[in-house]
Amino acid sequence: NISEHFADAAIEFIDRKHEKPFFLHVCFTAPHDPLLMPIGYEQFYDPNKMPVPKNFLPEHPFDHGNFEGRDEALLPWPRTKQIVQNDLSLYYSVISHLDAQVGRIVDALKKSGEWENTILIYSSDHGLAMGSHGLRGKQNMYEHTVNVPLIMVGPGIPADVRSNAQCYLRDLYPTSCDLAGVPIPNTVEGKSLKPVLTGAQDAIYDEVFCYFRNFQRMIRTDRWKLIYYPHLDRVQLFDLKEDPLELHDLSGEAAHQQVRDKLLNQLNAWRKQQDDPSLQQTAENS
Numbered sequence: 050n051i052s053e054h055f056a057d058a059a060i061e062f063i064d065r066k067h068e069k070p071f072f073l074h075v076c077f078t079a080p081h082d083p084l085l086m087p088i089g090y091e092q093f094y095d096p097n098k099m100p101v102p103k104n105f106l107p108e109h110p111f112d113h114g115n116f117e118g119r120d121e122a123l124l125p126w127p128r129t130k131q132i133v134q135n136d137l138s139l140y141y142s143v144i145s146h147l148d149a150q151v152g153r154i155v156d157a158l159k160k161s162g163e164w165e166n167t168i169l170i171y172s173s174d175h176g177l178a179m180g181s182h183g184l185r186g187k188q189n190m191y192e193h194t195v196n197v198p199l200i201m202v203g204p205g206i207p208a209d210v211r212s213n214a215q216c217y218l219r220d221l222y223p224t225s226c227d228l229a230g231v232p233i234p235n236t237v238e239g240k241s242l243k244p245v246l247t248g249a250q251d252a253i254y255d256e257v258f259c260y261f262r263n264f265q266r267m268i269r270t271d272r273w274k275l276i277y278y279p280h281l282d283r284v285q286l287f288d289l290k291e292d293p294l295e296l297h298d299l300s301g302e303a304a305h306q307q308v309r310d311k312l313l314n315q316l317n318a319w320r321k322q323q324d325d326p327s328l329q330q331t332a333e334n335s
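FYI, the numbering for the sequence shown is 50 to 335, going by this note's numbering.
I should point out that these hints are in silico values taken from the structure, not numbers from a laboratory. Yeah, the Cβ is synthetic: ideal placement off N, Cα and C, and Gly gets one too. Incorrect hints may appear among the rest.
What the hints assert, rightly or not - Under the rule of at most 25 Å between Cα atoms (straight-line distance), these lysine-lysine pairs were calculated in the PhoX-like manner: (1) 130 with 69; (2) 321 with 311; (3) 290 with 187; (4) 243 with 69; (5) 98 with 130; (6) 69 with 160; (7) 321 with 240; (8) 240 with 103; (9) 290 with 103; (10) 290 with 311.
What the hints assert, rightly or not - Computed Cβ-Cβ distance ranges for the label pairs, DEER-style: (11) 170 with 310: 36 to 44 Å; (12) 68 with 131: 27 to 35 Å; (13) 290 with 258: 40 to 48 Å; (14) 51 with 304: 47 to 55 Å; (15) 83 with 290: 33 to 41 Å; (16) 125 with 251: 44 to 52 Å; (17) 163 with 88: 27 to 35 Å; (18) 70 with 126: 33 to 41 Å.
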């Protein structure tokens, strides 16, 4: 299994004698497609007992820009609960196998005597819908895709602390430098998360932005999320505090027009700053 090969290589590196501090980036590809059942994990998750996402839908209510993409083509339309359960059973099995490989790396660090002197950061580049909102893949701006795990442990990082501070994956580079006492290069765009980790700050960003090709743009604050679809000139607005599953689009409600307009203006300002090519598409739709 490919995950085992990645773990084997990482453990081989850890077992070497290191006279200088080391940096190890283990980039597992699992649970990326194609999902292949790991040997010995066939009975881990009974498909018939898999809980279907609470925001499951047979189909997404409109074309979000990737209906014909690979991820969405892997399951037939409309989605059924049984189809999603079968897919989730396989997905969870692959994740459990991956988790075991991460455990092997942790065990190797402890065996080497370097565990107490090592900072371990665990994250992922994205999630998958797996039936939520009628979607299967990663090409969307919903929480199940963009709100990825980020776990850190090591010297200088308080244990058993959870933070809701928003961040980008690009922040992991300056954060690693900051925690290790290494100067952060001036060319780095990300920001160190150390102030949040140590409790010196509650947040780094008031809002974060995300995009998918020319089809989707997003702005997210600690409470609100606005998604804009340039090809449709369509907006969604979600109150993440009251509606974490993003089931109720508030963009058309008069009571939330002020929030909608503020976020849309902030998003458009960011798009102009980034020289967003979809701005031309937006202008044509106006």
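CB-CB spacing for residue 290 and residue 83 relative to the 33 to 41 Å hint:
holds (37 Å)
Cβ separation of residue 290 and residue 258, checked against the hinted range 40 to 48 Å:
violated (20 Å)
25 Å limit on alpha-carbon distance, applied to hinted pair residue 321 and residue 311
With a Cα-Cα distance of about 16 Å, the restraint between residue 321 and residue 311 holds, given a limit of 25 Å.
Measuring from beta carbon to beta carbon, are residue 170 and residue 310 in 36 to 44 Å?
holds (38 Å)
Against the range 44 to 52 Å, how does the distance between the Cβ atoms of residue 125 and residue 251 compare: consistent or not?
Between residue 125 and residue 251, where Cβ atoms are some 45 Å apart, the hint holds.
Determine whether the Cβ-Cβ distance between residue 70 and residue 126 falls within the hinted range of 33 to 41 Å.
Violated, since residue 70 and residue 126 (Cβ atoms, about 51 Å apart) do not stay within the stated range.
Does residue 290 pair with residue 103 here, judged by a C-alpha cut-off of 25 Å?
holds (16 Å)
Between the alpha carbons of residue 130 and residue 69, is the straight-line distance 25 Å or under?
violated (53 Å)
Does residue 103 lie within 25 Å of residue 240 when you go C-alpha to C-alpha?
With Cα atoms ~34 Å apart, residue 240 and residue 103 exceed 25 Å; violated.
Pairwise beta carbon distance, residue 163 to residue 88, judged against the given window 27 to 35 Å:
holds (31 Å)
Within a Cα-Cα threshold of 25 Å, do residue 290 and residue 187 meet the stated pairing?
Holds, because 23 Å separates the two Cα atoms, which is no more than 25 Å.
Cβ separation of residue 51 and residue 304, checked against the hinted range 47 to 55 Å:
holds (50 Å)
The structure shown violates the earlier hints numbered 1, 8, 12, 13 and 18.
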